Amino acid sequence: MKKEEILRRLNELFAEEIEAGLRYLHLSVTVTGLERLLVRQTLQENLQETLEHAQTIGERILHMGGVPELDLRVQIPAEKTTAAEAIRTAREFEQAALDAYRELLDDVAADPDADVTLEEFLREQVAVESQHVAELDLFLED
Amino acid sequence: MDSWKEFDQNPISHSAAHHIVAIAELLEEYGYARVSDVARLLEITRGSVSVTLKGLKQRGLVTEDERRFLGLSEIGNAIAQSVRARKVVMKKLFEDVLGVDAERADRDTCKIEHLVSPSSALHALHFLRYALEGGAAQQAFSDAFGSFQKECGGEPAACCTCDDVCLQARLTNLPRIEDSAESDAK
Numbered sequence: 001m002k003k004e005e006i007l008r009r010l011n012e013l014f015a016e017e018i019e020a021g022l023r024y025l026h027l028s029v030t031v032t033g034l035e036r037l038l039v040r041q042t043l044q045e046n047l048q049e050t051l052e053h054a055q056t057i058g059e060r061i062l063h064m065g066g067v068p069e070l071d072l073r074v075q076i077p078a079e080k081t082t083a084a085e086a087i088r089t090a091r092e093f094e095q096a097a098l099d100a101y102r103e104l105l106d107d108v109a110a111d112p113d114a115d116v117t118l119e120e121f122l123r124e125q126v127a128v129e130s131q132h133v134a135e136l137d138l139f140l141e142d
Numbered sequence: 001m002d003s004w005k006e007f008d009q010n011p012i013s014h015s016a017a018h019h020i021v022a023i024a025e026l027l028e029e030y031g032y033a034r035v036s037d038v039a040r041l042l043e044i045t046r047g048s049v050s051v052t053l054k055g056l057k058q059r060g061l062v063t064e065d066e067r068r069f070l071g072l073s074e075i076g077n078a079i080a081q082s083v084r085a086r087k088v089v090m091k092k093l094f095e096d097v098l099g100v101d102a103e104r105a106d107r108d109t110c111k112i113e114h115l116v117s118p119s120s121a122l123h124a125l126h127f128l129r130y131a132l133e134g135g136a137a138q139q140a141f142s143d144a145f146g147s148f149q150k151e152c153g154g155e156p157a158a159c160c161t162c163d164d165v166c167l168q169a170r171l172t173n174l175p176r177i178e179d180s181a182e183s184d185a186k
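Residue numbers (this note's numbering), protein chains in the order written: chain B, 1 to 142; chain H, 1 to 186.
Hints listed in this document are in silico derivations from the structure and should not be mistaken for laboratory results.
Note that the structure is a prediction, hence the values are computed from the model and not measured.
Glycine included, every Cβ here is placed at the ideal spot set by N, Cα and C.
Now the in silico label distances, taken between C-beta atoms and shown as ranges:
hint	chain 1	residue 1	chain 2	residue 2	range
1	B	G65	H	V165	57 to 63 Å
2	H	R68	B	D71	21 to 27 Å
3	B	G65	H	R84	41 to 47 Å
4	H	R68	B	L138	18 to 24 Å
5	B	V74	H	D163	38 to 44 Å
6	B	R123	H	E43	26 to 32 Å
7	H	N77	B	E103	26 to 32 Å
8	H	H14	B	A134	30 to 36 Å
9	B	T117	H	R67	29 to 35 Å
10	H	L132	B	Q55	52 to 58 Å
11	B	V74	H	G134	46 to 52 Å
The task is simple: from the sequences and hints, build the whole structure.
This is the structure:
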């Protein structure tokens with residue numbers, strides 16, 4: 001894989017994480033009902049974690065000689081949400097991020113000249129994102 | 001005037017229309033559509049696509065199989081084709097009849113393609129067919145419109161389209177944002 005392509009894909013992941021952070025923030029504020037007490041903390045913890053991921057990716061881009069770039073077009077409607085709906089929404093964008101990490105990992109792993117530290121980083125991210133999705137799935141179980 | 005309510009009642013938001021049309025285009029071009037393909041086409045994040053599609057799946061407009069390939073339901077496909085048809089009609093009207101440049105026509109019709117009703121688009125299509133048919137009457141119409149004096153006297157009372165205000169003045173005398181920012185600063 002060419003360096004430019006890796007930087008482009010890392011920039012996409014940078015945007016995914018920052019947008020996920022914005023969505024977690026919005027969900028944690030707009031979730032209502034009794035279950036707000038139960039899920040708000042999880043949403044806020046995930047918000048912090050996505051921002052940490054974004055920072056890690058941004059620094060990795062910088063170490064590779066690039067500069068993190070952000071071109072977000074986010075529309076989040078002015079709607080309150082229930083706890084279950086908030087978790088379902090979070091699951092959607094967490095799964096999307098997991099897919100993006102997994103695809104980049106597959107491409108990097110298939111390249112014999114790829115940076116092993118990048119491959120290791122992506123492998124860790126896939127593990128963490130998989131855990132996020134699994135945790136959110138547990139919330140949705142009856 | 002209840003027309004503003006139609007905007008709220010329109011079941012497809014601007015963003016949703018783009019997602020549905022993007023899926024239709026990908027299915028036609030490649031035979032498949034995934035979240036990543038839609039994200040790339042619309043130049044937004046996968047997360048954003050997934051969240052929008054969640055609502056469209058709940059409403060039965062978009063489908064997703066076990067391998068996470070996207071499809072359109074019968075209604076979703078009908079909406080996609082209708083939005084695309086409205087876009088083509090309005091763009092042709094803007095560009096081929098009214099003389100709006102192609103880039104502007106494309107951008108402006110992108111904003112209204114899902115908001116203009118199929119009924120109004122059908123009226124526009126009828127006019128388009130009439131105007132572009134190529135007969136002597138249409139040629140005369142086209143020539144006459146081409147040489148029509150577009151500047152007006154700014155006198156609503158003497159105008160066949162304006163009642164008490166000059167519409168042309170309102171459409172052309174918009175201050176540029178940077179100009180007003182400058183005057184505000186002063």
